[in-house]
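**Student:** Just need the whole structure built from these sequences, with the hints factored in.
Number of protein chains: 2
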Amino acid sequence: MKLSEKGELSLLEAIRSKFPTRSKTVITGIGDDAAVLKPDLLVTTDMMLEGVHFDLRLITPFQLGFKLISVNVSDIYAMGGRPSFILLGIAVPGRTEDAFIQRFFDGVKAAIRLYKLSLVGGDVSSSKKDMVVSATLLGYAKKPIGRSGAKPGDRIYVTGNLGDSACGLELLKKINRQVEFDKPLNSPLRWNVMKPLLKKHLMPQAVNPGKFAKAATAMIDLSDGLFIDLTRLCIESNVGAKIYKSRIPVSNSMKTASAFLGLDPFRLAVAGGEDYELLFTAPPRKRPGAICIGEITESGMLVVDEYGAEKPFAPEGYQHFKLKK
Amino acid sequence: MKLSEKGELSLLEAIRSKFPTRSKTVITGIGDDAAVLKPDLLVTTDMMLEGVHFDLRLITPFQLGFKLISVNVSDIYAMGGRPSFILLGIAVPGRTEDAFIQRFFDGVKAAIRLYKLSLVGGDVSSSKKDMVVSATLLGYAKKPIGRSGAKPGDRIYVTGNLGDSACGLELLKKINRQVEFDKPLNSPLRWNVMKPLLKKHLMPQAVNPGKFAKAATAMIDLSDGLFIDLTRLCIESNVGAKIYKSRIPVSNSMKTASAFLGLDPFRLAVAGGEDYELLFTAPPRKRPGAICIGEITESGMLVVDEYGAEKPFAPEGYQHFKLKK
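Chains as they are written, first to last, in the numbering used here: chain A, 1 to 325; chain B, 1001 to 1325.
The set of hints was computed from the structure by calculation and includes no laboratory data. Just so you know, even glycine gets a beta-carbon here, dropped at the ideal spot from N, CA and C. Honestly, I wouldn't trust all of these hints.
Listed below are the simulated DSS-like cross-link pairs for lysine-lysine, each with C-alpha atoms no more than 27 angstroms apart in a straight line [to be verified]: (1) A:Lys173 / A:Lys195; (2) A:Lys183 / A:Lys173; (3) B:Lys1174 / A:Lys18; (4) A:Lys116 / B:Lys1018; (5) B:Lys1174 / A:Lys129; (6) A:Lys255 / A:Lys245; (7) A:Lys18 / B:Lys1018; (8) A:Lys173 / B:Lys1128; (9) A:Lys199 / A:Lys255; (10) B:Lys1183 / B:Lys1195; (11) B:Lys1002 / A:Lys129; (12) B:Lys1199 / A:Lys128; (13) A:Lys129 / B:Lys1129; (14) B:Lys1174 / A:Lys128; (15) B:Lys1128 / A:Lys128; (16) A:Lys128 / B:Lys1129; (17) A:Lys129 / B:Lys1195; (18) A:Lys199 / B:Lys1128; (19) B:Lys1311 / A:Lys129; (20) A:Lys109 / B:Lys1018; (21) A:Lys173 / A:Lys129; (22) B:Lys1129 / A:Lys174; (23) A:Lys255 / A:Lys195; (24) A:Lys173 / B:Lys1129; (25) B:Lys1128 / A:Lys174; (26) A:Lys199 / B:Lys1018; (27) B:Lys1129 / A:Lys2; (28) B:Lys1286 / B:Lys1211.
What follows is a list of derived Cβ distance ranges for each label pair [claimed, not checked]: (29) B:Leu1185 / A:Arg16: 35 to 41 angstroms; (30) B:Leu1185 / A:Glu5: 31 to 37 angstroms; (31) A:Arg16 / B:Lys1173: 34 to 40 angstroms; (32) A:Gln205 / B:Lys1018: 19 to 25 angstroms.
**Tutor:** Here's what the structure looks like:
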């Protein structure tokens, strides 16, 4: 069977079953935002490929460097952790200009300062045609927050607006070139509508779990979309979920821009991906200071529409190797 | 300037100067086989790209999985460390057969058992055309052995024959298809000459530093070739080196096969790369049980030929972005 028929989730399941985690020093292995190692060490890794994860006609090398770090920091934050050491891998074709690499590392450096990380190593090599970057981030958490702690009755929270990044990507595809945030674009849409959406897509900032960490029973970062990431959390916790369409937070900019683009803002919010907001659950008595969008149930994945009708939802969002419908 | 004109070493230097390691918790940052983190934690990462680092017409997925792990273990061993946790990144095109991935992970599993590692996480994604794999390995060392501790007067040691892997690669290019070690090939060269060379290239085994670690003042693994890797060690230690051509250990298989191929066995041994033997230095009074090939000097990189003539040598070997001569 080809991977395009099998899908990413079932591939991951097959790999996971081949490598049972027996070591006493591994607390959480494959299947969470980051692995938890003895005694409170977290580690996560991400690879980004040109032509799959990014398009160098649409993202500047500075933005790419910044985004690569943010995406990894988000995984450590999603474990309630403090990111600390980062290693980079980068492969570029020999024709790449030195200045391009310098700007990429300037973006890395800006993010490293923002998140207070140390770059401790990596691997530079040549590629045949496309650029590949990877990062491995180590962090610490005294009490790691996994995906498996959600209990029926817990409330479901998100930390910010959803769909901005996906909407920003759709705008960027129309603009069809790199965007610099200090150079407003002329467009029928106002710059102050477009800019936050483009920025959320091109230079996302990971959300520090600080104030939510105490209340959270389970946590994941929204990298592939609310529906699929909530499904992942529920599978690991062996629970269901009910969310309310009317409570999903969306920005005015996203509503304006999605109307302009002729896109459904709800679809962007629930299946768009790359928001890098945190999704977490907390007991009903807690007030964690985030946006409550629903509650954990015994089983089933349901969305309640504005008329009170309940419908099951599928884990839609970004999946590698998933057949396009 | 394009990277193909700049070369890998100067690119690494530029990156290193952009990221001064200020943190008190980072003992060794960029520029060694692995980074040393608080208190005795080691971490290393490596990326391998189809068409650059491997050719799927010549290596089986099982061998590739095994080799990816060995290459990373070699970096931890080269710090005098004990490898422990591994994370994998893999990107493959959607047309890839599920069975291919399973065999790749069977190779990973064989290596993980050999080196007693735990696979704790990773990242699976799709690629446009070529396969990309990466690994990050964490390990521990109470007394990490870096590249910077060599002193004038120290002896220079290697742990085994050099050039077998490079010779194996040249054989493989002639064979021009995948090789299975339980299926001897018909060839003018005997299978028991070819097999160890092919195996050293396709399924290298990292050398455990156990018995050498106590004596070693500096250590590196031979991944890119003796000349370039010894130069790296000497730069970090701010010393020179003198090695003796007659003492460089080469196998009889390699001598036979290189004669058959019309290649210079000495060039294969000093500039071939991918041997994954350890290169280390130790004070003259020590007897570390490895092969002494020369000594550390104040400065200069010299090779002494069979007639006693000294000649400087250049850091030849595998460098990404280096112009071919």
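**Student:** Honestly, which of those hints from before does the structure not fit?
**Tutor:** Structure breaks hints 3, 7, 17 and 19.
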